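These protein sequences, in sequence, are chains A and B. If you're matching positions, the first sequence starts at 1 in UniProt numbering and goes up one per residue. If you're matching positions, the second sequence starts at 1 in UniProt numbering and goes up one per residue.
By construction, these hints were calculated from the structure, which means they are not laboratory data. Any given hint could be a false lead.
What the hints assert, rightly or not - Within a straight-line C-alpha distance of at most 30 Å, the following computed DSSO-like cross-link-like pairs (lysine-lysine) qualify:
hint, chain 1, residue 1, chain 2, residue 2
1, A, 43, A, 17
2, B, 17, A, 54
3, A, 35, B, 54
4, A, 17, B, 54
5, B, 54, A, 24
6, B, 52, A, 35
7, A, 52, B, 97
8, B, 17, A, 71
9, B, 97, A, 17
10, A, 163, A, 130
11, A, 54, B, 43
12, B, 43, A, 17
13, B, 35, B, 17
Quick caveat, the model's predicted, so the values are computed rather than measured.
Protein chains: 2
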Amino acid sequence: MQITSEYLERAIEQLAKLPGTGRKSAQRIAIHLLKQNDEYAQKLAQAIVDLKEKVTRCSVCGNVSDSDPCKICDNPKRDPSAICVVEEFNDVYIIEKSNEFRGRYHVLGGVISPMDNIGPDKLRIQELLKRVGEDDQINEVILALNPDAEGEATSYYINKLLKNYEVDVTRIAYGIPMGTELEFIDEATLSRAFASRNSF
Amino acid sequence: MQITSEYLERAIEQLAKLPGTGRKSAQRIAIHLLKQNDEYAQKLAQAIVDLKEKVTRCSVCGNVSDSDPCKICDNPKRDPSAICVVEEFNDVYIIEKSNEFRGRYHVLGGVISPMDNIGPDKLRIQELLKRVGEDDQINEVILALNPDAEGEATSYYINKLLKNYEVDVTRIAYGIPMGTELEFIDEATLSRAFASRNSF
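Only chain A is shown next, with the shape it has when bound in the complex (with noise of 0.2 Å):
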């Protein structure tokens, strides 16, 4: 088989290395970025660098950022008596877009999973708590980490923790989700439902 073009070949591999992207689809792209003008491709090359060389993280609440602290923790207008604390940045995204919350955020950066070889030290808990102990104004911390075991392990984990802080500890509520039938939820969400349920 003889190779026309290196440069071609190079930017398939290249492609080929980004998540859920396999030679296929990596050509499919590689084609796609040949055949546009060449301003796009400068333009997603660009954007591509400055993700790695401009986005930073709050030093405060570990969200990424292009400036330090964060826009939301440099807001004075979000509710300084609450803290959300999520996973990963993209939840940050994901609560933010539907406008219910006007707190500020800590971003873990993970949760506790030793399968993974994660333990507490490497996610950011030792920073909520001196956020929680320096700051009076925060009397809330909210847990928003996943519904599974490591995020459920996590949370009791950072729960006990809080309990030596004077600070109201909640977690956001799980159970069925609004728009869907009873029919398609699982086991585990239907008792988490029972379980949770409130006076009507």
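Based on these hints, arrange chain B on the given structure of chain A.
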């Protein structure tokens, strides 16, 4: 909603324009890039820039290439008597990978498609006639277009034009793919397999 990193947003926006990539996949890719070491992002960005800046087209066969003429057209070991006509440069890659064909190629750049406003003048058909007319060594043109309506129409069109030249026009065989069972073959393929039957 508050965006803490415009650069992250911009990267997601650009990545979401790639074929087969929506906002969610783009987010996953951006997060993956953020977690990778700098080197990979640099390489990827450079590969994209090079793809646009350094990949050109072979003026003889129309294939993508880093040089003009391309390595296949320029290779004295390739059989000068046969030209294989394909729709896109990606087809060259597929055929080269099979190591079945040792001649040279001619990339049309598409197929005749009135629906998409692509007439014969937008394809490299005149270039094919010129090649065949000027090069006495060429004695076979093998049509290897996709077996759909547009591919068929384009094959017929080219075959008609090549009647005026001293060259055999052949077509790769369409029929039952090897290793499958008749049960799973569509009617059009089965019908073609019967019509193209050969003596055993």
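Comparing the hints with the structure gives:
1. Our distance criterion of 30 Å between C-alpha atoms is met by residue 43 (chain A) and residue 17 (chain A), whose separation comes to about 20 Å.
2. Taking the CA atoms of residue 17 (chain B) and residue 54 (chain A), the gap is near 21 Å; set against the 30 Å cutoff, the hint holds.
3. Proposed proximity of residue 35 (chain A) and residue 54 (chain B) is supported: the alpha carbons are some 14 Å apart, at most 30 Å.
4. Distance restraint check for residue 17 (chain A) and residue 54 (chain B): the Cα-Cα separation of roughly 21 Å lies within the 30 Å cut-off, and the hinted pair is therefore satisfied.
5. With a CA separation close to 22 Å, the supplied pair residue 54 (chain B) and residue 24 (chain A) stays within the 30 Å bound.
6. For the given pair, residue 52 (chain B) sits about 9 Å from residue 35 (chain A) by alpha-carbon distance, which is consistent with the 30 Å threshold.
7. For the suggested pair residue 52 (chain A) and residue 97 (chain B), the alpha carbons sit about 36 Å apart, so the restraint of at most 30 Å is broken.
8. Distance check on the hinted pair: residue 17 (chain B) and residue 71 (chain A) sit about 27 Å apart at the alpha-carbon level, within 30 Å; holds.
9. For the proposed pair residue 97 (chain B) and residue 17 (chain A), the alpha carbon gap of about 21 Å is at most 30 Å, so the pair holds.
10. For a cut-off of 30 Å, the pair hint linking residue 163 (chain A) to residue 130 (chain A) stands: about 14 Å separates their Cα positions.
11. A threshold of 30 Å between alpha carbons decides the hint, and for residue 54 (chain A) with residue 43 (chain B) the separation of about 17 Å falls inside it, so the pair holds.
12. Of the supplied pair hints, the one linking residue 43 (chain B) and residue 17 (chain A) holds, its CA atoms being roughly 11 Å apart against a limit of 30 Å.
13. Our distance criterion of 30 Å between C-alpha atoms is met by residue 35 (chain B) and residue 17 (chain B), whose separation comes to about 21 Å.
Hint compliance for this structure: hint 7 alone is broken.
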